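As you go down the protein sequences, you meet chains Z and H in turn. When you read off a place in the first sequence, starting at 1, and then add 25, the result is the number in our numbering. When you read off a place in the second sequence, starting at 1, and then add 53, the result is the number in our numbering.
By construction, these hints were calculated from the structure, which means they are not laboratory data. None of the hints are false.
Listed below are several chain Z residues computed to face chain H (Cβ distance under 10 Å; list not exhaustive):
| id | residue |
| --- | --- |
| 1 | Ser41 |
| 2 | Glu49 |
| 3 | Leu55 |
| 4 | Thr70 |
The calculated SDA-like cross-link candidates involving lysine to any residue, where the alpha carbons are at most 20 Å apart (straight line), are:
| id | chain 1 | residue 1 | chain 2 | residue 2 |
| --- | --- | --- | --- | --- |
| 5 | Z | Lys68 | H | Tyr65 |
| 6 | Z | Lys68 | H | Val110 |
| 7 | H | Lys130 | Z | Ile31 |
| 8 | H | Lys130 | Z | Phe34 |
| 9 | Z | Lys68 | H | Phe61 |
| 10 | Z | Lys68 | H | Ala72 |
| 11 | Z | Lys68 | H | Tyr107 |
| 12 | Z | Lys68 | H | Pro69 |
| 13 | H | Lys130 | Z | Arg28 |
| 14 | H | Lys130 | Z | Leu33 |
| 15 | H | Lys131 | Z | Arg27 |
| 16 | Z | Lys68 | H | Pro109 |
| 17 | Z | Lys121 | Z | Asn149 |
| 18 | Z | Lys68 | H | Ile99 |
| 19 | Z | Lys68 | H | Leu66 |
| 20 | Z | Lys68 | H | Phe70 |
| 21 | H | Lys131 | Z | Ile31 |
Which bits of chain Z does chain H cover? Going by a derived footprint, with three or more residues having C-beta under 8 Å, they are:
| id | region |
| --- | --- |
| 22 | 27–38 |
| 23 | 59–66 |
If you're wondering where the values come from, they're calculated on a predicted model, not measured in any experiment. From the three backbone atoms N, C-alpha and C, an ideal C-beta is built for every residue, glycine too.
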Amino acid sequence: MRRQYILLFILLFVISAIPLFLHEQANLVLARNLASVVLFPVKMTTRFLEYLTISNVRIETLEIQVNQLKLENASLRDKLNLDTTRLESTEHTLLKASVVGRDPLNINGYLYIDKGIEHAVSQNQPVISIDGFVGRVKHAGPVSSIVETIENKGFAASAIDVNTSIHGIIRRQTSLMFDYIRHTDSINVGDSILTSGMSELFPKGILIGTVQRISESDDLFFKQVHVAPATQINRLVSVYIILGEHETSTSGNP
Amino acid sequence: MIRYLVYFIALYLALPFNAITDIVAIIVFFIVTEEDERFALVFSFIAGLLIDLYYPVRLGINTLIYLTVTQSLIYLKKYLIRNPLTTFATFIVFYLIKTALANVIISSPINLALIFCTVLTFFPMMLLLSKLTFGIWMRKQ
Numbered sequence: 026m027r028r029q030y031i032l033l034f035i036l037l038f039v040i041s042a043i044p045l046f047l048h049e050q051a052n053l054v055l056a057r058n059l060a061s062v063v064l065f066p067v068k069m070t071t072r073f074l075e076y077l078t079i080s081n082v083r084i085e086t087l088e089i090q091v092n093q094l095k096l097e098n099a100s101l102r103d104k105l106n107l108d109t110t111r112l113e114s115t116e117h118t119l120l121k122a123s124v125v126g127r128d129p130l131n132i133n134g135y136l137y138i139d140k141g142i143e144h145a146v147s148q149n150q151p152v153i154s155i156d157g158f159v160g161r162v163k164h165a166g167p168v169s170s171i172v173e174t175i176e177n178k179g180f181a182a183s184a185i186d187v188n189t190s191i192h193g194i195i196r197r198q199t200s201l202m203f204d205y206i207r208h209t210d211s212i213n214v215g216d217s218i219l220t221s222g223m224s225e226l227f228p229k230g231i232l233i234g235t236v237q238r239i240s241e242s243d244d245l246f247f248k249q250v251h252v253a254p255a256t257q258i259n260r261l262v263s264v265y266i267i268l269g270e271h272e273t274s275t276s277g278n279p
Numbered sequence: 054m055i056r057y058l059v060y061f062i063a064l065y066l067a068l069p070f071n072a073i074t075d076i077v078a079i080i081v082f083f084i085v086t087e088e089d090e091r092f093a094l095v096f097s098f099i100a101g102l103l104i105d106l107y108y109p110v111r112l113g114i115n116t117l118i119y120l121t122v123t124q125s126l127i128y129l130k131k132y133l134i135r136n137p138l139t140t141f142a143t144f145i146v147f148y149l150i151k152t153a154l155a156n157v158i159i160s161s162p163i164n165l166a167l168i169f170c171t172v173l174t175f176f177p178m179m180l181l182l183s184k185l186t187f188g189i190w191m192r193k194q
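So that you can see chain Z by itself, here it is in the shape it has in the complex (with noise of 0.2 Å):
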């Protein structure tokens, strides 16, 4: 019995030992081989936990994107939510329609769409979109219509500052113009212009756009005050008709 475990002690000393006796190339390519078989389960393991945290690392990445599209999405709902809110709210009928056709080269700013007399459209009629100001019913089809816009020469509507209360006429030019202000008058650049409700055809407060620049003219009277449109028009796919006011229920003797 003690024989045996000296022999196994000697055996096991040897093997050992042999290693350290070889070349360090042949030391180092033992070393290896015998890695591979006997430090298997480690390596698996290692690499299983690799695989573990590369996934959850991927999974904590996807997590963010995940939430960031969320925002985004939650974002762009709230936003349709918004717009509608706001049509909603307003005092007037709204009509959707689409814009099935433009001037390509915009040269008149007209839009042709895809609401006509059939669904209680008539000239006129004050057209907006989301951003703001369009312009109105030019002439009326049976199924389509066509809206003259504020890009068209010649359009103009009565607008009010609204920093300042200042009114004027908001036409086309050669860029769109807030004409008619005096140079006494105090008005500012990124001012909003928005429309008066003076005239019949449109209602108060749809806004128009936003000045851009007041030049110097050689106008004895007036000042020159050019105004970016809050909406572009070569880019709209629908639009909004308003086709008349609420009725409110507040009227009425018996």
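We have chain Z already, so just place chain H on it with the hints.
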């Protein structure tokens, strides 16, 4: 038989963490004090071989060190009384000789943090191994 399986599983589990705490040395010490001499010798050989392969310096160094230190401990075991203090002191001597041999042969600086962590882990590991293999926290003589 299941005990032996537990030892090998513990050895493989401890191997990646051996650079932080020398759990392999504790397992070898436990087996030398608790198990059959021949198994202790074979196990120390395998433990040394695994360390040589996992932390490669030169194949055979740790195997020889473990084999030699284990054989010395097996020889001394019958002269030692079994109580916690003696066990702890024996382990300290065993571990320091093993570390000193390894550091002298490899010419590497002594890692005091590793020694400190190993000494701290010694009793909890011994208790855990004893509970896992024999169902009791500590065997007494």
